[in-house]
Amino acid sequence: MAENTITIVSFVLTLMVFSYLLGDLPLIGNLYRVAVYIFVGMTAAFTLIVSYEGVILPYLQDIQNQSTSWTALGWRADITIFAAALLFGLLLLLKPVKSLTWLTNSVFAVVIVVGASVGVVGALNGTLFPLLHATVALPDDLTADFNALVDTLLIFVGTMTGLYYFHYQVRARSDGSEEQSRVGRGFRHIGKAFLVTALGAIYASTLLTSLTILTERIGFLFQFGA
Amino acid sequence: MGRGQRYGIALSAFVAFAVGVVTALSLLLGDNPALFGEQPGSAQLAGLLALPADVLLRLATIVVALSIVIGIANLLTVHVGRLARGKAYSAVMLASFGFTVFWYVARQGDTSLLEAVQVPIESALAALLCLSLLHGGSRVLGKRADIWGLLFVAVVVLVLLGSLPLAELAPVQAWRDWLMRVPVGAGARALLLGIALGTVVTGVRALLGQDRSFRG
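Chains A and B, in that order, give the protein sequences. The numbering of the first sequence is our numbering, which starts it at 761 and goes up by one. The numbering of the second sequence is our numbering, which starts it at 22 and goes up by one.
Same shape as in the complex, but just chain A (with noise of 0.2 Å):
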């Protein structure tokens, strides 16, 4: 496409988003949603296109191969891979089909236990045990650095009550009421300390990037203008 008619396009798309500041006025409102709706279609379009493109013809083409394997198993295997991966789509399809419903659901169960091991399996190795040795390592020589040893005991001290926060715990009283401990009280209060400076920091941090996405749409609709 033409380097001029993609400024024209981004431009009209730019200004039809834009107009959900001016809220619901007539005919200009239905600007906003004609461009969502464009957005969608052609999301929906982009993600045909890349699971065909991606996924599936590349499977497709490798079984008619045979000299490449996706296993240690061999070609064949290969194809009763795929022909497995078939039937479970085809099984997708009898959704609707009220007796048949089980069917369905157990290809979902496939689906998605396979997706829960690799999520329990990626959390604990690539996030809760590199985090949690990272948290309790210590630099490497105490003396030397007291602020970085301040820096890691402030940094064990908030992941942990921000940990502690999310647990809740009450020890009954005689009279049947609740009541927290005061350390545990304690501990929640540090802990939110730290998850509210987190938080803020995010929140401060995506406000910068959008400002920054801001800055650059007006720059370009005053740039397209001039």
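Be a bit skeptical, because a hint or two may be false.
Stated by the list, open to error - Derived Cβ-Cβ restraints for the label pairs, each shown as a range:
| id | chain 1 | residue 1 | chain 2 | residue 2 | range |
| --- | --- | --- | --- | --- | --- |
| 1 | A | S965 | B | V42 | 47 to 55 Å |
| 2 | B | K108 | A | L782 | 17 to 25 Å |
| 3 | B | W124 | A | F916 | 54 to 62 Å |
Claimed, not checked - Beyond 12 Å from chain A on every Cβ pair, some chain B residues (computed):
| id | residue |
| --- | --- |
| 4 | F35 |
| 5 | A55 |
| 6 | Q60 |
| 7 | G62 |
| 8 | S63 |
| 9 | D75 |
| 10 | A105 |
| 11 | R106 |
| 12 | A175 |
| 13 | L187 |
| 14 | E189 |
| 15 | L190 |
| 16 | A191 |
| 17 | G215 |
What the hints assert, rightly or not - Covered stretches of chain B, as calculated for chain A (at least 3 residues, CB under 8 Å):
| id | region |
| --- | --- |
| 18 | 44-52 |
| 19 | 85-91 |
| 20 | 142-149 |
| 21 | 152-166 |
| 22 | 203-211 |
In short, the hints are calculated from the structure, not lab data. Please read all numbers here as calculations on a predicted model, not as lab measurements. Each residue gets a CB set at the ideal place from its N, CA and C atoms; glycine is no exception.
Assemble the complex: chain A is given as a structure, and chain B must be docked to it using the hints.
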């Protein structure tokens, strides 16, 4: 619920449990010869253990791709139905979908539409997010004027001021860097660890068949 359906649901749970445990064990133990020491054949054993996860992940990837295709077909069917009831926006959506696919096929993989349409709309929506964030933030602070609200505002102001490229604000930038490295790092770690623990618990619940999402 008939007896056949009950057996079907029990079968779903059993299949889910077996597949999940095999995949998790295969991912944890597979392709890691160090786990089995310096013994001969440990590499082959590790490769063998990685095989079930490899097969099941490929199977799941193709099924997910097929389910995306089915989902998009369903989206189109819904919008054709809405169009028949006179909803004009659905015509815009269908036209946009059809035009994109036609353009991509006719121009043999040309993605200039992505640059001309998708990117400007996404950028403009992200730009609107700035105004929504400001509006939402001011409303929340108006309703919660306590110590935590003040702390939140102080952090936001410090981070924003620290981002300004002004030499006069060098001390603020130093404070901001420390804030991002220590308290924000600690809070973010707590949040990430919470998410990881939640993922593990939810994953184990799915493996044990406690989640009802696929039981019917």
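So, going through the hints one by one against the coordinates:
| no. | hint | in the structure |
| --- | --- | --- |
| 1 | A:S965 x B:V42: 47 to 55 Å | violated (40 Å) |
| 2 | B:K108 x A:L782: 17 to 25 Å | holds (23 Å) |
| 3 | B:W124 x A:F916: 54 to 62 Å | holds (55 Å) |
| 4 | F35 | violated (9 Å) |
| 5 | A55 | holds (14 Å) |
| 6 | Q60 | holds (20 Å) |
| 7 | G62 | holds (15 Å) |
| 8 | S63 | holds (16 Å) |
| 9 | D75 | violated (5 Å) |
| 10 | A105 | holds (17 Å) |
| 11 | R106 | holds (16 Å) |
| 12 | A175 | violated (8 Å) |
| 13 | L187 | holds (15 Å) |
| 14 | E189 | holds (19 Å) |
| 15 | L190 | holds (15 Å) |
| 16 | A191 | holds (18 Å) |
| 17 | G215 | violated (6 Å) |
| 18 | 44-52 | holds (count 4) |
| 19 | 85-91 | holds (count 7) |
| 20 | 142-149 | holds (count 8) |
| 21 | 152-166 | holds (count 4) |
| 22 | 203-211 | holds (count 9) |
When held up to the earlier numbered hints, the structure conflicts with 1, 4, 9, 12, 17 and fits the remainder.
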